[in-house]
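*Asks:* As you go down the protein sequences, you meet chains Y and V in turn.
For the first sequence, the residue numbers in numbering that gives the first Met the number 0 are 0 to 108.
For the second sequence, the residue numbers in numbering that gives the first Met the number 0 are 0 to 166.
If you're looking for bench data, these hints aren't it; they were derived computationally from the structure.
Check before you lean on any hint, since a few could be wrong.
[To be verified] Examples of chain V residues toward chain Y, derived with CB under 8 Å:
no., residue
1, Ser22
2, Ile23
3, Lys24
4, Asp28
5, Ala31
6, Arg94
7, Met95
8, Ser115
9, Lys116
10, Arg117
11, Leu119
12, Gly125
13, Ser128
14, Phe136
[To be verified] Okay, the calculated beta carbon distance ranges per label pair:
no., chain 1, residue 1, chain 2, residue 2, range
15, V, Glu55, Y, Asp21, 50 to 60 Å
16, V, Ser53, Y, Gly20, 45 to 55 Å
17, Y, Gln27, V, Val49, 31 to 41 Å
18, Y, Gly17, V, Asp84, 33 to 43 Å
19, V, Ser57, Y, Ala77, 20 to 30 Å
20, V, Gln71, Y, Ala106, 49 to 59 Å
21, Y, Ser54, V, Glu55, 22 to 32 Å
22, Y, Asn93, V, Lys73, 15 to 25 Å
23, Y, Val62, V, Lys73, 21 to 31 Å
24, Y, Glu13, V, Ser115, 51 to 61 Å
25, V, Lys42, Y, Leu2, 31 to 41 Å
26, Y, Ala102, V, Lys73, 16 to 26 Å
27, V, Gly113, Y, Asn93, 56 to 66 Å
[To be verified] Listed next, the in silico DSBU-like pairs over lysine-lysine satisfying Cα-Cα at most 30 Å (straight line):
no., chain 1, residue 1, chain 2, residue 2
28, V, Lys116, V, Lys66
29, V, Lys42, V, Lys66
30, V, Lys98, Y, Lys101
31, V, Lys42, V, Lys98
32, V, Lys66, Y, Lys66
33, V, Lys42, V, Lys73
34, V, Lys35, V, Lys24
35, V, Lys66, V, Lys24
36, V, Lys98, V, Lys66
37, Y, Lys66, V, Lys42
38, V, Lys73, Y, Lys16
39, Y, Lys22, Y, Lys66
40, V, Lys116, Y, Lys16
Backbone N, C-alpha and C fix where the C-beta goes; we use that ideal spot for every residue, glycine too.
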Amino acid sequence: MTLNTNDVAQKMIEAAKGVVGDKWPATQSYFESESRIFAERFASIAALLAEGAISQARAQSHVQFQKEAWETVLLAVAGLTQIMVEQALNAALNAVNEVVNKAVGFALL
Amino acid sequence: MKIRQLYLAAVFLLALLLSGCTSIKLVGDYDAQTDKGITALQKDMEVFFVTLESAEGSMAAPYAANKDFYGQTKVAISSLRIRADALERNSFTVRMFDKLQNNFDRLAADHREGISKRELPLYRGGLNSQFTSLLTFELAKRRGQKFEDARALAPATPPIFETGLSR
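Work out the full structure, taking the sequences as your base and the hints as a guide.
*Replies:* And the structure:
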């Protein structure tokens with residue numbers, strides 16, 4: 000038995016798409032909500048500086064602080080994306096293991 | 000497009016053959032102790048901010064009376080970082096702990112100079128975003144569960160408009 004690569008590829012892509020379609024909206028929503036909160040914090044730093052409530056040096060410290068926190072959020076987003084890719088790959092492989100194993104005649108996948 | 004799809008399929012299969020296994024893992028497993036440690040540290044931080052706010056006047060409670068917190072936090076983060084570093088495929092979490100420690104160091108430096116109560120929501124909010132990120136990612140490592148569940152367990156980041164800072 001030969002493998003129909005078009006069919007295998009299509010099955011893998013459909014399975015991966017299902018995982019991405021399920022997981023990505025939640026990751027995107029988390030990223031967007033955190034982005035809005037950080038924008039509000041930067042606006043607050045500017046407001047405190049404009050009022051003279053904090054010095055320029057302190058405002059810079061606040062900006063560095065928020066940048067560090069923002070980078071932590073981005074690391075989480077990157078990590079969540081990696082988990083999503085991992086699950087998409089595994090779903091793609093699971094979707095075709097039967098047809099591939101049948102074609103090669105033993106449990107390859 | 001067809002060629003690209005076939006290429007992707009070939010890459011998947013090749014990766015599989017080379018790895019010799021049927022399951023791919025890019026990120027390490029969930030760790031209950033890390034989860035508990037992050038949650039405990041976040042709670043300690045909230046208690047600390049309540050203490051800072053409780054001082055009379057417009058300034059937060061002084062550094063000298065609260066410096067022990069920074070030492071205890073450093074030890075706690077260091078322990079969590081070492082544990083995270085010992086677990087496989089966990090570099091994101093390790094880097095997140097580094098960034099958390101960097102911000103506690105910044106907070107301590109600013110605190111030595113004096114912090115007004117109006118600044119506290121900025122520090123608290125930034126740190127809570129970091130704790131939320133750590134917990135969200137850690138709980139997502141359970142797989143199979145929606146990571147929004149993790150958000151529900153994490154501390155809410157206080158909206159800035161509720162803090163009086165924008166007034």
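*Asks:* When the hints from earlier in the document are held up against this structure, which numbers fail?
*Replies:* Structure breaks hints 4, 5, 9, 11, 19, 22, 25, 26, 30, 35, 38 and 40.
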